[in-house]
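Participant: Residue 17 is where the sequence shown starts when you use my numbering, and the numbers rise one by one after that.
Just so you know, the hints here were simulated from the structure itself, not pulled from any lab data. Backbone N, C-alpha and C define an ideal beta-carbon position, used for all residues, glycine too. It is possible that part of the hints are untrue.
Label-pair distances were calculated between CB atoms; the ranges are [stated by the list, open to error]: (1) Lys25 - Glu49: 19 to 27 Å; (2) Lys134 - Tyr36: 12 to 20 Å; (3) Arg86 - Gly52: 46 to 54 Å; (4) Arg87 - Arg163: 17 to 25 Å; (5) Lys134 - Ala47: 16 to 24 Å; (6) Arg88 - Leu17: 22 to 30 Å.
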Amino acid sequence: LVGAIVDLKCYIIPDEVSIYAVPVGIVGAVAMEYLGYEGWLALGWRQSVVGALVVALFLAFVSLVFRALRRREGLGWGDVKLMMMIGAFLGLMPGAWFVLIVGSIGGSVFGICHMLIKRRRMALPFGPALALAAIVYIYYGDILIRRYLPALEAWLPLS
Numbered sequence: 017l018v019g020a021i022v023d024l025k026c027y028i029i030p031d032e033v034s035i036y037a038v039p040v041g042i043v044g045a046v047a048m049e050y051l052g053y054e055g056w057l058a059l060g061w062r063q064s065v066v067g068a069l070v071v072a073l074f075l076a077f078v079s080l081v082f083r084a085l086r087r088r089e090g091l092g093w094g095d096v097k098l099m100m101m102i103g104a105f106l107g108l109m110p111g112a113w114f115v116l117i118v119g120s121i122g123g124s125v126f127g128i129c130h131m132l133i134k135r136r137r138m139a140l141p142f143g144p145a146l147a148l149a150a151i152v153y154i155y156y157g158d159i160l161i162r163r164y165l166p167a168l169e170a171w172l173p174l175s
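Kindly generate the complete structure, drawing on both the sequences and the hints.
Facilitator: Here it is as structure tokens:
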């Protein structure tokens with residue numbers, strides 16, 4: 017949440033609130049596995065590591081392709097590191113993908129509304145949309161996925 021506020025004001029997500037928290041997420045997953053925690057947000061250390069790496073590599077690829085095609089930055093490395101942290105805490109499936117999809121949709125809707133109202137283009141930070149989507153997932157993800165996406169439950173296994 018701190019990173020999202022800083023991103024909103026300064027267009028940067030400090031490493032102190034993103035990449036440095038990745039080991040905390042992995043250690044937390046190890047502890048949950050060791051202690052036998054079985055809540056719906058429980059994940060093993062493998063899921064934590066895979067979530068962090070896959071989502072970070074995916075967004076890094078998207079960032080590099082955008083930069084190569086448009087000759088400007090479209091997705092900052094702070095966003096990549098923030099999603100890496102989210103992947104470490106929530107795992108890849110369904111956590112990080114839910115956050116990425118919902119954050120992208122929410123950020124796009126906000127950006128389009130902003131352009132229509134202000135009648136101009138401007139850079140918008142992605143971190144706040146990702147942080148809000150992560151909060152939605154933590155509090156309501158289980159309910160939303162089970163209620164509105166039952167066909168995807170086989171792809172997004174929930175404990």
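Participant: For each hint, tell me whether it holds in the structure or not.
Facilitator: Going down the list of hints, with the structure as the test:
| no. | hint | in the structure |
| --- | --- | --- |
| 1 | Lys25 - Glu49: 19 to 27 Å | 38 Å, violated |
| 2 | Lys134 - Tyr36: 12 to 20 Å | 35 Å, violated |
| 3 | Arg86 - Gly52: 46 to 54 Å | 48 Å, holds |
| 4 | Arg87 - Arg163: 17 to 25 Å | 43 Å, violated |
| 5 | Lys134 - Ala47: 16 to 24 Å | 46 Å, violated |
| 6 | Arg88 - Leu17: 22 to 30 Å | 28 Å, holds |
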